[in-house]
Structure formats: C-alpha cells, structure tokens
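Given chain A, work out where chain B should sit, using these hints.
Protein chains: 2
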Amino acid sequence: MNKQTDQNRLELDMPRVGQYDFTAAPFQCDLTGRLSLGNIGNQLLNASDYHSNARGFGLTTLMNENRAWVLSRLAIELTNRPVAYEPFHIDTWAASAMRTFTKRNYRLTSADGHVFGYGTSVWALIDTDTRHPVLLTDLKNGSLEKWIVSDEPCPIAPPSRVAFDGDGELVANVKTGYSDADINGHVNSIKYIEHVLDTMPMTQILSHEVYRIEAAYIAEAHAGDTLQIFKEEKTEGQISFKVTKEMTDRYDFDRYSNEICRIMVFMKKK
Amino acid sequence: MNKQTDQNRLELDMPRVGQYDFTAAPFQCDLTGRLSLGNIGNQLLNASDYHSNARGFGLTTLMNENRAWVLSRLAIELTNRPVAYEPFHIDTWAASAMRTFTKRNYRLTSADGHVFGYGTSVWALIDTDTRHPVLLTDLKNGSLEKWIVSDEPCPIAPPSRVAFDGDGELVANVKTGYSDADINGHVNSIKYIEHVLDTMPMTQILSHEVYRIEAAYIAEAHAGDTLQIFKEEKTEGQISFKVTKEMTDRYDFDRYSNEICRIMVFMKKK
Numbered sequence: 025m026n027k028q029t030d031q032n033r034l035e036l037d038m039p040r041v042g043q044y045d046f047t048a049a050p051f052q053c054d055l056t057g058r059l060s061l062g063n064i065g066n067q068l069l070n071a072s073d074y075h076s077n078a079r080g081f082g083l084t085t086l087m088n089e090n091r092a093w094v095l096s097r098l099a100i101e102l103t104n105r106p107v108a109y110e111p112f113h114i115d116t117w118a119a120s121a122m123r124t125f126t127k128r129n130y131r132l133t134s135a136d137g138h139v140f141g142y143g144t145s146v147w148a149l150i151d152t153d154t155r156h157p158v159l160l161t162d163l164k165n166g167s168l169e170k171w172i173v174s175d176e177p178c179p180i181a182p183p184s185r186v187a188f189d190g191d192g193e194l195v196a197n198v199k200t201g202y203s204d205a206d207i208n209g210h211v212n213s214i215k216y217i218e219h220v221l222d223t224m225p226m227t228q229i230l231s232h233e234v235y236r237i238e239a240a241y242i243a244e245a246h247a248g249d250t251l252q253i254f255k256e257e258k259t260e261g262q263i264s265f266k267v268t269k270e271m272t273d274r275y276d277f278d279r280y281s282n283e284i285c286r287i288m289v290f291m292k293k294k
Numbered sequence: 025m026n027k028q029t030d031q032n033r034l035e036l037d038m039p040r041v042g043q044y045d046f047t048a049a050p051f052q053c054d055l056t057g058r059l060s061l062g063n064i065g066n067q068l069l070n071a072s073d074y075h076s077n078a079r080g081f082g083l084t085t086l087m088n089e090n091r092a093w094v095l096s097r098l099a100i101e102l103t104n105r106p107v108a109y110e111p112f113h114i115d116t117w118a119a120s121a122m123r124t125f126t127k128r129n130y131r132l133t134s135a136d137g138h139v140f141g142y143g144t145s146v147w148a149l150i151d152t153d154t155r156h157p158v159l160l161t162d163l164k165n166g167s168l169e170k171w172i173v174s175d176e177p178c179p180i181a182p183p184s185r186v187a188f189d190g191d192g193e194l195v196a197n198v199k200t201g202y203s204d205a206d207i208n209g210h211v212n213s214i215k216y217i218e219h220v221l222d223t224m225p226m227t228q229i230l231s232h233e234v235y236r237i238e239a240a241y242i243a244e245a246h247a248g249d250t251l252q253i254f255k256e257e258k259t260e261g262q263i264s265f266k267v268t269k270e271m272t273d274r275y276d277f278d279r280y281s282n283e284i285c286r287i288m289v290f291m292k293k294k
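The listed protein sequences correspond, in order, to chains A and B. If you read the first sequence in this note's numbering, its first letter stands for residue 25, the second for the next number, and so on. If you read the second sequence in this note's numbering, its first letter stands for residue 25, the second for the next number, and so on.
Looking at chain A on its own, in the form it has when it is part of the complex (with noise of 0.2 Å):
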C-alpha cells in the first residue's frame, strides 16, 4: 500500500465534524479572568487549520501547490468565555461550498458540554502566484465536496454588511510589524480585531462585554505596513471600524489608503 493510499484511508476514517481541544492558558487571557477574545479568535483559526490539514487541505499542504485559503467573512457570537485553566473544545466543519466559496462553522463548548459560543466563516481559495480565486471543484479533485455537513446548527446571524454612513473618525495609526504576521507573512486576520479593539477606552472595555465580532476582509496587508483605524459608533453598543493601508506605491492614483477590512464590535453594558 503506498504513501497517498494511506492517506485517502486515513482521511476517509476521519468524521466531517472535528473537534478540538483547548485550555484558556493564564497567560492568555484578559483583565476579566477569561481567554481573550483576541487568542479565542486564533483558536477558531487553528481549528480550522487543523480540521483541513487532517483531511488533506490544510495550510501547509496547499502552499506546495501554489494554493492558499483567505478569509473573507467571519462572525464570532459568545454568551460566555473560559477562564483561566479551564479546557474547552471547538467544533468546526465545512457547512457549503459553492464555485471559489467554502463556509465553515464552528461551534465553543465547554467540558460538560455547555455551548458557549458560535462562529461562522467564509473562505476563498486563491492562487498564490496569480492571486486571483480558483474553483474549489479544482482542489484535489472535488474532494472537498465529500466534507460538507449541511445539517449541523449554527444559529448565529452570518456576517452583515459593515456600513459606514461617512468617512468615520481616525483613531489610530498602527505601524505592524514582525508580531502581526503570518505564515505567510501577511497580517493575521484576527490581528486587525485586536488592533481596533486595543482602540477602545478601557473605560469601555471595563464597562462592557463584548458579545459578538464581524469582521469582512477585503484586501491583505504585510506586516511592516501601516495601517489607520476609522470608527463609527452610530448605535450605542454597536461599533463599526474600517482599516485602511497607507499606500506607497506610487503608480496608485488612489495612494492615501486602501481598504483592508470592516470589524463590527457589538457590546452590551455589565
């Protein structure tokens, strides 16, 4: 039996949904004692990572193909987080495909088994040479299709449209570098929800729980570039930021800013 016959056998054995274990590890958790919404985020990422690469899609073994997954969408809904020491897992698995599109859910619980929180996700298959999208029909075959779990519950509202009604205020420019990156060197996408959260007053953050993040991801940035943080809080409680990328090259007619992505933060009071 040879190396890729294993692989199929081993893959086919795998189940649709895969569930991953976590513990929020002191040092990664926030002011109120619980892991924080940044490190719940690259969880939900590692999840994702782990889920695909078992099942022969993953990061690391799509860049030998010149292939690469991008978020484009995500949705984060918590009705509570673990604190300090506690173990939960995450649930995730791919709920639709469709042409350069694949949607994938995830779902927090804790040990005895209480849902925490949900999360729902949009991802591109791009080329890495071209950039441009390719059809996930082109991904091993069509082997993805045979992973899709359509009737597995995600009751959160998928991504809405960040909407801006005017420019928004600047408030903050944010000069990225080696921490903000990577393994492909560009800026983590759970790295841009850091950066306009760490805008908030902590007066704010103190005062309020976050309880569910948006984000649309629009173009990429590389870690060294600088980045400026637009908000706009038109209803109490929900915020909306825009992250626009200083633009250097000068062939671009529009070369004060590019947009990189939309973050809504939606907070309630304690």
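Hints are supplied without guarantee of correctness; some may be wrong.
Lysine to aspartate or glutamate pairs mimicking EDC-like chemistry, simulated, CA-CA at most 20 Å apart [claimed, not checked]: (1) A:K199 / A:E283; (2) B:K293 / B:E257; (3) A:K292 / A:E233; (4) B:K292 / B:E256; (5) A:K127 / A:D175; (6) A:K199 / B:E218; (7) A:K269 / A:E218; (8) A:K199 / A:E244; (9) B:K199 / A:E218; (10) B:K199 / A:E193; (11) A:K269 / A:E283; (12) A:K199 / B:E193.
The set of hints was computed from the structure by calculation and includes no laboratory data.
Frame of chain A; chain B shown alone:
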C-alpha cells in the same frame, strides 16, 4: 481526610521540575513558519504558572492572599524554534529563593528530547495592596524552599544590565489597550518584547535570526497607557530598547516619562 490535607499530599507527590507539553499551533507561528518569539515567551509564563499553581503558589491562589508574582528579569536563548504542528516541552523549576526574589529556569525540548532553548528569570513576590515586596519566607510558611532545584543545568548567561549610552532614538509611541492586558490589568510582560520587535524594520527581521532576548522590568504599565520606545544600536546585532510611560499625574515632577522596562535583542545574519 480534609481538603487541605489532600492538597498537601498532592503537592508532595509532585516532582520539583515540572514538564509541560505544548504544540506550535499554525496561527501562532511567524513568517518563518516557526512558533513566534512572543508565543514562546507566553508559553514560558504559562509553564511558570502551571508549575507554581500545582504546587500551591500560583497566580490565582496568591490573588486571594493579596500576593502576586512580578517578573523582574528574563533571558531567553534559542538555537531553534518548533515548526507548525510540532509538539514540544517546557521544563521549569525554581533554581533559588533569596529574600523577596526567586529565580526560575526553563529548558525547551523537542519531542525527540533535543534541547533547543533555555530561559532564566527572576520574580519578586509583592503585596498587591501596598505594591511592596514580601519576604518569600512569609509565603505559605516558607514552603517555596522545598521546591528549589539547585543542580539542574541552565547554561545561558543571566540577564545583563541593559545599558544605554545616551537617550536613544524614539522609534515608536504605542497606545496600549485591551489586548495588552494580563489578568491583573497590567501590560503583559511579553507584550513589551512584542512591541519592541514590532519597531524593527521587516528587512532586518527577514535577514536576521533573533537568538537571545533579555528584559529587565522596572515598573508596571496599565492597559490604556501610552508607551514610548527608544532604541540604541551600539553593536551590530545587539539592540537595546528602553520603554517609558507617559505620566499624567500632575504632581509628578518628572511628568514626561517614567521608565517601565529595558529589553535587549541579540540577532545574527541568516
């Protein structure tokens, strides 16, 4: 048998050196595909707390007694770092205890037992009401003493005095926020290291390998504070950073800045 006796029995069964298992999660890796420097630092802090917590003097236990560990010095030296998905171990032990300070050392090993790094740190025990140092002999009737391991090797130089000849060059103003906070609301010790690494040009990051980091922590900053980062590069491959905090107290004579920590980064050309 009451709960207290159970706990004592549990503690006495513990080895003096604790070993903790980690994995280089793909979204905690840097653009070289290996666990990022910041994430290695935080796993050292997590290992410290897992070790002390299991032995009765962890962060959360001490909180109830108005005591806290404050990191004073840290040096990390690495010959390699784990790649994405790679499991690794951190061994840690208390190497000495004198008056109000204890030294904690670390050994980082890959799954096959190969050592790829060491760390050494100095921690002070403080009273969280007065912020004054507390004698270690007052900690649970001096029980720290029985955990000391003085014969375990840690063959790296202790943290040196991070010297500045002048004032250095101001390279960044960093407004800290939510993601900077640790469980106590202070800026996480490793976050300072991430912030200074993030001031370095990406060309320098990409062409060099950081093999040693030293930090001397002088005062605490709170999430929400604005930090200034000053840099002095005396020797090729050895950069000193000074982090200060903007003072807002109008009774403070030296109101413009207050030193928080000094960090030295050692790097070599790839």
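A quick look at each hint next to the structure:
At most 20 Å may separate the alpha-carbon atoms for a hinted pair to count; A:K199 and A:E283 meet this at roughly 16 Å. Taken as a hint, the B:K293 and B:E257 pair is honoured in the structure, with Cα atoms around 15 Å apart against an allowance of 20 Å. For a cut-off of 20 Å, the pair hint linking A:K292 to A:E233 stands: about 5 Å separates their Cα positions. Restraint check for B:K292 and B:E256: the C-alpha separation of about 17 Å stays at or below 20 Å, so the hint holds.
With a C-alpha separation of about 13 Å, the suggested pair A:K127 and A:D175 falls inside the 20 Å cut-off, and the hint holds. Only pairs whose Cα atoms come within 20 Å are accepted, and A:K199 paired with B:E218 is accepted, the gap being roughly 13 Å. Of the pairs offered as hints, the one joining A:K269 and A:E218 holds, with about 16 Å between alpha carbons and a cut-off of 20 Å not exceeded. Our distance criterion of 20 Å between C-alpha atoms is met by A:K199 and A:E244, whose separation comes to about 15 Å.
The hinted pair formed by B:K199 and A:E218 meets the criterion: a straight-line CA distance of about 13 Å does not exceed 20 Å. A hinted pair counts as satisfied when its Cα atoms are at most 20 Å apart, and B:K199 with A:E193 qualifies at roughly 17 Å. Taking the CA atoms of A:K269 and A:E283, the gap is near 6 Å; set against the 20 Å cutoff, the hint holds. Restraint check for A:K199 and B:E193: satisfied, since their Cα atoms lie roughly 17 Å apart, inside the 20 Å limit.
Checked against the numbered hints listed earlier, the structure breaks none of them; every hint is satisfied.
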